[in-house]
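Q: Letter by letter, the chains look like this.
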Amino acid sequence: MRLLEIENLRTTFDIHVGSVQAVRGIDLHVDEGETVGIVGESGCGKSVSMLSLLHLLPDYARVTADKIAFGGTDLTKMDAKAMRRLSGDQIGMIFQDPMTSLNPLFTVGSQLIEPLRIHKKIGEKEAAQIVLDKLRLVEIPDPESRMKQYPHELSGGMRQRIMIAMAIMCDPRLIIADEPTTALDVTIQAQILDLIASLQKKLGTAVIMITHDLGVIAGMCQRVVVMYGGVIVEEGTVREIFYQPRHPYTWGLLRSIPQKSGEKKKLVPISGSPPDLIAPPPGCPFAARCPYAMNICNSAMPPMRPVSDTHSARCYLMDEGAPDVKWEGIRA
Amino acid sequence: MGKYIFKRVISGLVTIVILITCCFFLMHAVPGSPFSKGEQGVPPEVMQRLNEKYGLDLPLHEQYIRYMSNILHGDLGISYKNTTVQVNDLVGRGFPVSARIGALAVVVSLLIGVALGIVSAVKRGSLFDGIAMVTATIGVCVPLFVISVLLLYLFAGVLKWLPTYGLSTWRHYILPVTCLSFSPIAYIARMTRSSMLEVMQQDYIRTARAKGVSEFFVICKHGLRNAILPVVTYLGTLIANLLTGSFIVERLFAIPGLGKYFVDSITARDYNIIMGVTIFLGIFVVTCNLIVDVAYGIIDPRVKMDE
Numbered sequence: 001m002r003l004l005e006i007e008n009l010r011t012t013f014d015i016h017v018g019s020v021q022a023v024r025g026i027d028l029h030v031d032e033g034e035t036v037g038i039v040g041e042s043g044c045g046k047s048v049s050m051l052s053l054l055h056l057l058p059d060y061a062r063v064t065a066d067k068i069a070f071g072g073t074d075l076t077k078m079d080a081k082a083m084r085r086l087s088g089d090q091i092g093m094i095f096q097d098p099m100t101s102l103n104p105l106f107t108v109g110s111q112l113i114e115p116l117r118i119h120k121k122i123g124e125k126e127a128a129q130i131v132l133d134k135l136r137l138v139e140i141p142d143p144e145s146r147m148k149q150y151p152h153e154l155s156g157g158m159r160q161r162i163m164i165a166m167a168i169m170c171d172p173r174l175i176i177a178d179e180p181t182t183a184l185d186v187t188i189q190a191q192i193l194d195l196i197a198s199l200q201k202k203l204g205t206a207v208i209m210i211t212h213d214l215g216v217i218a219g220m221c222q223r224v225v226v227m228y229g230g231v232i233v234e235e236g237t238v239r240e241i242f243y244q245p246r247h248p249y250t251w252g253l254l255r256s257i258p259q260k261s262g263e264k265k266k267l268v269p270i271s272g273s274p275p276d277l278i279a280p281p282p283g284c285p286f287a288a289r290c291p292y293a294m295n296i297c298n299s300a301m302p303p304m305r306p307v308s309d310t311h312s313a314r315c316y317l318m319d320e321g322a323p324d325v326k327w328e329g330i331r332a
Numbered sequence: 001m002g003k004y005i006f007k008r009v010i011s012g013l014v015t016i017v018i019l020i021t022c023c024f025f026l027m028h029a030v031p032g033s034p035f036s037k038g039e040q041g042v043p044p045e046v047m048q049r050l051n052e053k054y055g056l057d058l059p060l061h062e063q064y065i066r067y068m069s070n071i072l073h074g075d076l077g078i079s080y081k082n083t084t085v086q087v088n089d090l091v092g093r094g095f096p097v098s099a100r101i102g103a104l105a106v107v108v109s110l111l112i113g114v115a116l117g118i119v120s121a122v123k124r125g126s127l128f129d130g131i132a133m134v135t136a137t138i139g140v141c142v143p144l145f146v147i148s149v150l151l152l153y154l155f156a157g158v159l160k161w162l163p164t165y166g167l168s169t170w171r172h173y174i175l176p177v178t179c180l181s182f183s184p185i186a187y188i189a190r191m192t193r194s195s196m197l198e199v200m201q202q203d204y205i206r207t208a209r210a211k212g213v214s215e216f217f218v219i220c221k222h223g224l225r226n227a228i229l230p231v232v233t234y235l236g237t238l239i240a241n242l243l244t245g246s247f248i249v250e251r252l253f254a255i256p257g258l259g260k261y262f263v264d265s266i267t268a269r270d271y272n273i274i275m276g277v278t279i280f281l282g283i284f285v286v287t288c289n290l291i292v293d294v295a296y297g298i299i300d301p302r303v304k305m306d307e
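Protein chains in written order, with the numbering used here: chain A, 1 to 332; chain B, 1 to 307.
What the hints contain is simulated information worked out from the structure, not anything from laboratory work.
Just so it is clear, the structure is predicted and the values come from calculations on it, not from any experiment.
Ideal placement from N, C-alpha and C gives every residue a C-beta, glycine not left out.
There could be a bad hint or two in this list.
Unchecked claim - Stretch-level coverage of chain B by chain A, calculated; a stretch enters the list once three of its residues show a Cβ under 8 Å from a Cβ in chain A:
# : region
1 : 58-66
2 : 211-221
Stated by the list, open to error - Per label pair, the in silico range of CB-to-CB distance:
# : chain 1 : residue 1 : chain 2 : residue 2 : range
3 : B       : Lys304    : A       : Ala190    : 56 to 64 Å
4 : A       : Lys77     : B       : Thr137    : 20 to 28 Å
5 : A       : Gly72     : B       : Asp203    : 27 to 35 Å
Said to hold, decoys possible - Below are the DSBU-like pairs computed for lysine-lysine, each with C-alpha atoms no more than 30 Å apart in a straight line:
#  : chain 1 : residue 1 : chain 2 : residue 2
6  : A       : Lys81     : A       : Lys121
7  : B       : Lys221    : A       : Lys148
8  : A       : Lys148    : A       : Lys121
9  : B       : Lys3      : A       : Lys77
10 : A       : Lys81     : B       : Lys123
11 : B       : Lys221    : A       : Lys81
12 : B       : Lys3      : A       : Lys148
13 : B       : Lys221    : A       : Lys125
14 : B       : Lys221    : B       : Lys160
15 : A       : Lys77     : B       : Lys304
16 : A       : Lys121    : B       : Lys221
With the rest of the complex left out, here is chain A (with noise of 0.2 Å):
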């Protein structure tokens, strides 16, 4: 079953020396209880289309779509005011940074009741008790006195539960998860990610992690979107994306990943930095820092070229007479 379905989704923040084009047109689905991993470096898209899918970006964004689905809803026709209704019940949101992400005048225990009295318009005492429960499910010890607790006298791995336990409290049929590791202690990385996988089979709620790191998606997710320069360069299963992928800036990615065993190896890093986006180029965003790239590459976008069912790819290397250039594994 279809959970979220989005097509052709473009951001564009307008600032004063122009426009700066986040997101270029994105198509993405998620299926219910599905687990999909969005995965680029910084500036590539990623966050920006889940705000955008939620409202929750400055006034000066701009946001349109072909369609985004979600359950059967139209969310494209729906405002900020609508959305509202439906983020914080349906969907829930993890955000990267738990130090800055929770209101510091008020207690923990007020702001995991929020949702609750909004969406559900259940009593205090009945919230309160759902709350305790979820707070068990996060594996947060002595949950009722934290519940009279303030944030800054929380540590930041038990505030990434909290706020974990915020984007479940209504039972959402979606869970956006951005980058919920990324200010956190390696420890403490590995016991958030095992918590929400753990959760998300306990639940069965469709989950999107958006991350930098691919090591959390081999882990977690059962299909892989990678994007760069605000559009989607190759996706597919997370077997397709590791074992065969197809662009070269996933291959990047890959051989960029430090491996713990085998001989000592240097990472090798992608060179050059990510297109400018207030002037994309018209071509690959990628094929600046491209070492396949051909003349082709510049001056024209690649479209998606089906692999599988599941698998997709942006790059002209797929097509019939281009050079052939293959995946020789991470150690090549």
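Fit chain B to the given chain A structure using the hints.
A: Only chain B this time, still in chain A's reference frame:
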């Protein structure tokens, strides 16, 4: 909390003692005395008798000790200008009048200032924001006496809508309260706007929106409580300033408040009134600041009172 307040009260008392001491010696360092009446003068013999009667012939340190012990008994002395008047009574009569106008002005400034600040911040860059901020800048710059005289001339003189002096009906309060609130409104509006703009960029505001909190509550609950903190800090000074009476406004509208006595007593070298009013103001300012600091700690749980 109790420990914190106790510590603050002690340090407040020390502040008051230092204030009294400085004020006492500075005042006596100024040439002239309560009984030197300019050109006409009082005959030297009479002056001598008067000084003896009121202990003004004693060495300064003895006068100081006498004064301090009187204060400890709660006696601020008599007015030298009109010896039938007790300074205690004078403060007791003047302060309620000043405080009533001042409290109204504080409430008005806070309500209008914060509201203007929020709307300007939310509608940043709009015409409303532009007009409000230009007005606020003018409000901060133009001195109180200019505004007061202008408003008095316009509404009481030309339009004759409002009475010019006294405090007998509610209409009498409109002009003085408006004059007193004018610059605090401007100041609070600017402060609220800039702090609101900063707060609305914060991650927790985005979290609140993602939870589905309506924009009204995002602004007025999650935003305002954070944005109001700098205003609360300013409130201590503001309350102390407004409630203790403004010399200009009280003079202009002939209001028998505390501010009027203060300046009158200085020109008259009426030592006891100067001291009495100063001590009262001092205690009041120290108390206001203490209350504001405690309030700050209640609004912002990150402020630890006991450390």
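Q: The structure should be examined with respect to each hint, and the outcome stated for every one.
A: Against the structure, the hints:
no.	hint	verdict
1	58-66	violated (count 0)
2	211-221	holds (count 5)
3	B:Lys304 x A:Ala190: 56 to 64 Å	violated (33 Å)
4	A:Lys77 x B:Thr137: 20 to 28 Å	violated (42 Å)
5	A:Gly72 x B:Asp203: 27 to 35 Å	holds (32 Å)
6	A:Lys81 x A:Lys121	holds (17 Å)
7	B:Lys221 x A:Lys148	holds (18 Å)
8	A:Lys148 x A:Lys121	holds (22 Å)
9	B:Lys3 x A:Lys77	violated (58 Å)
10	A:Lys81 x B:Lys123	holds (17 Å)
11	B:Lys221 x A:Lys81	holds (17 Å)
12	B:Lys3 x A:Lys148	holds (23 Å)
13	B:Lys221 x A:Lys125	holds (21 Å)
14	B:Lys221 x B:Lys160	violated (42 Å)
15	A:Lys77 x B:Lys304	violated (48 Å)
16	A:Lys121 x B:Lys221	holds (18 Å)
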